[in-house]
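**Q** What follows is each chain in one-letter form.
There are 4 protein chains.
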Amino acid sequence: MENTLQLIQKDHFANHNQMRVIEVGEGTAKTQMTVTGNHLNGLGTVQGGALFTLADLAFAAASNSREKIAVALDASINFIKAVSSGTLTATAREIDLKRTIGIYCVEIRNEADELIATFQSTAYRKEPKL
Amino acid sequence: MENTLQLIQKDHFANHNQMRVIEVGEGTAKTQMTVTGNHLNGLGTVQGGALFTLADLAFAAASNSREKIAVALDASINFIKAVSSGTLTATAREIDLKRTIGIYCVEIRNEADELIATFQSTAYRKEPKL
Amino acid sequence: MENTLQLIQKDHFANHNQMRVIEVGEGTAKTQMTVTGNHLNGLGTVQGGALFTLADLAFAAASNSREKIAVALDASINFIKAVSSGTLTATAREIDLKRTIGIYCVEIRNEADELIATFQSTAYRKEPKL
Amino acid sequence: MENTLQLIQKDHFANHNQMRVIEVGEGTAKTQMTVTGNHLNGLGTVQGGALFTLADLAFAAASNSREKIAVALDASINFIKAVSSGTLTATAREIDLKRTIGIYCVEIRNEADELIATFQSTAYRKEPKL
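Protein chains in written order, with this note's numbering: chain L, 27 to 156; chain G, 27 to 156; chain V, 27 to 156; chain P, 27 to 156.
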């Protein structure tokens, strides 16, 4: 799992947008961001792509916590509540794990534990190259 | 449509990640980004969240080209081809437009016109506040 | 809620395919089917459309348990485990409820409580016509 | 392709619901149904599961038109227009084809060529067992 964390910590897009992995377990992960002006859209709320990226980072950490390299085939997101400030936490859990396919659900919540968005993604799992 | 462009051009998250709207029509839009190191994940390819954001920006421009304010209810993305460099263009088109709901498809292609990702999103349309 | 059950019990497609609502609460519902030859695809496993319909029926019952008429805007399903026999139960729960939009998750499980499929759908809620 | 058609024509759930494959090409397929009372929900319109099944059958025919056995990993559907009668045609096309993964889009239209639903599904492709 150290390798995964190293991989995920090299995620330049997440770093550039001040998102961080705060926890990785077997098939689980948590990521976090504190909302700044850079995360907002033209309406003054956190941009959908910022929420997606925070969830995707949790998915990437959780799905790469196993022995294989996992990449997303597809993902979907539901936007539940618009937010403009505060700290958001994305929590990923594994719904299914097969030889080459894994399915992960992610919830994003704010500090009041309100549900901000739900995310689901299917991972394709490859043997790591040496 | 000027208002939409103004709204979209104030998208701080898109600006912070060097994505730009290059075209807006009635229910259509194009966005573009030139891949830099800041867009990459730990595997050295463009992060899924960066692709999502580029598509989402095209969706936002297209869905806000109408007389109402449109926000995304949900969105899904399929990742077709990993890319590491070059200029990516997202093209949004309107599949359906009802009084309060609109559906939009976005394709992301590279300079060789290869399909990189497909995106679909459902917009909720609100009366603008004066 | 009596009205909802009446509405759902008139679902001819569900009836024709021997699916039944076994429970409806506020924002929740359970549906059930016992697999017969009519539910199978050419590979001998339960057809994706049959699983979708069972989940959709649970969604319809749950989303119509409120005071408004709810129709699906979109839905997605993940197929986790192929099954060929036994009784399948779909359980729907409400993730979010706004004035005109509701979000519901459904899980389908077999008698061994194994996860067969997950389903998510967004409802559009209309005032009932008198 | 004869094998595919044979496989798809043995789809008991589709047969039970009077849906038929009318065309199969390389990565493409068309399916059709004429709406009867058995396809309706409690509101008197074609049930979402019936539309899903018609689209899924087109997806199954298109994705199994290749040399491998294809099964759906996930699928999503957008419900555009409610219908109560007439003949519906689902047309599937291949968006992407990799060694183990294929992506397919399906459109359902009525006789007036109006868009009724859009469907997208990701196939997992397995070597056929001899």
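Misleading hints may appear alongside valid ones.
Stated by the list, open to error - The calculated lysine to aspartate or glutamate pairs, modelled on EDC-like cross-linking and capped at a C-alpha distance of 20 Å, are: (1) G:Lys152 with V:Glu120; (2) P:Lys152 with L:Glu153; (3) L:Lys107 with V:Glu137; (4) V:Lys124 with L:Glu140; (5) P:Lys124 with G:Asp122; (6) L:Lys107 with V:Glu140; (7) P:Lys124 with G:Glu120; (8) V:Lys152 with G:Glu140; (9) V:Lys152 with G:Glu153; (10) V:Lys107 with L:Glu133; (11) V:Lys107 with L:Asp122; (12) G:Lys124 with G:Glu52; (13) P:Lys124 with G:Glu133; (14) G:Lys107 with P:Glu120; (15) V:Lys107 with P:Glu153; (16) V:Lys56 with V:Glu140; (17) P:Lys107 with G:Glu133; (18) L:Lys152 with P:Glu120; (19) V:Lys124 with L:Glu133; (20) V:Lys124 with G:Glu153; (21) V:Lys107 with V:Glu137; (22) V:Lys94 with V:Glu133; (23) P:Lys152 with L:Asp122; (24) L:Lys124 with V:Glu153; (25) G:Lys124 with V:Glu52; (26) L:Lys124 with P:Glu153.
No lab work stands behind these hints, which were simulated from the structure alone.
**Q** Against each hint, give a clear statement of whether it holds in the structure.
**A** Verification of the hints:
1. G:Lys152 with V:Glu120: violated, 23 Å
2. P:Lys152 with L:Glu153: holds, 17 Å
3. L:Lys107 with V:Glu137: violated, 36 Å
4. V:Lys124 with L:Glu140: Holds. Lys124 of chain V to Glu140 of chain L sits at ~14 Å (cutoff 20 Å).
5. P:Lys124 with G:Asp122: violated, 30 Å
6. L:Lys107 with V:Glu140: violated, 32 Å
7. P:Lys124 with G:Glu120: violated, 28 Å
8. V:Lys152 with G:Glu140: Violated, at about 42 Å.
9. V:Lys152 with G:Glu153: Given pair Lys152 of chain V, Glu153 of chain G holds - Cα atoms ~17 Å apart, limit 20 Å.
10. V:Lys107 with L:Glu133: violated, 23 Å
11. V:Lys107 with L:Asp122: holds, 9 Å
12. G:Lys124 with G:Glu52: With a Cα-Cα distance of about 14 Å, the restraint between Lys124 of chain G and Glu52 of chain G holds, given a limit of 20 Å.
13. P:Lys124 with G:Glu133: holds, 18 Å
14. G:Lys107 with P:Glu120: holds, 15 Å
15. V:Lys107 with P:Glu153: holds, 18 Å
16. V:Lys56 with V:Glu140: holds, 16 Å
17. P:Lys107 with G:Glu133: violated, 23 Å
18. L:Lys152 with P:Glu120: violated, 23 Å
19. V:Lys124 with L:Glu133: This hinted pair holds, its Cα atoms lying about 18 Å apart.
20. V:Lys124 with G:Glu153: The given pair, whose Cα atoms are some 17 Å apart, holds under the 20 Å limit.
21. V:Lys107 with V:Glu137: Given pair Lys107 of chain V, Glu137 of chain V holds - Cα atoms ~13 Å apart, limit 20 Å.
22. V:Lys94 with V:Glu133: violated, 24 Å
23. P:Lys152 with L:Asp122: Satisfied, since the Cα-Cα distance of roughly 19 Å is no more than 20 Å.
24. L:Lys124 with V:Glu153: Given pair Lys124 of chain L, Glu153 of chain V is violated - Cα atoms ~44 Å apart, limit 20 Å.
25. G:Lys124 with V:Glu52: Judged against 20 Å, a Cα distance of about 29 Å means the pair is violated.
26. L:Lys124 with P:Glu153: holds, 17 Å
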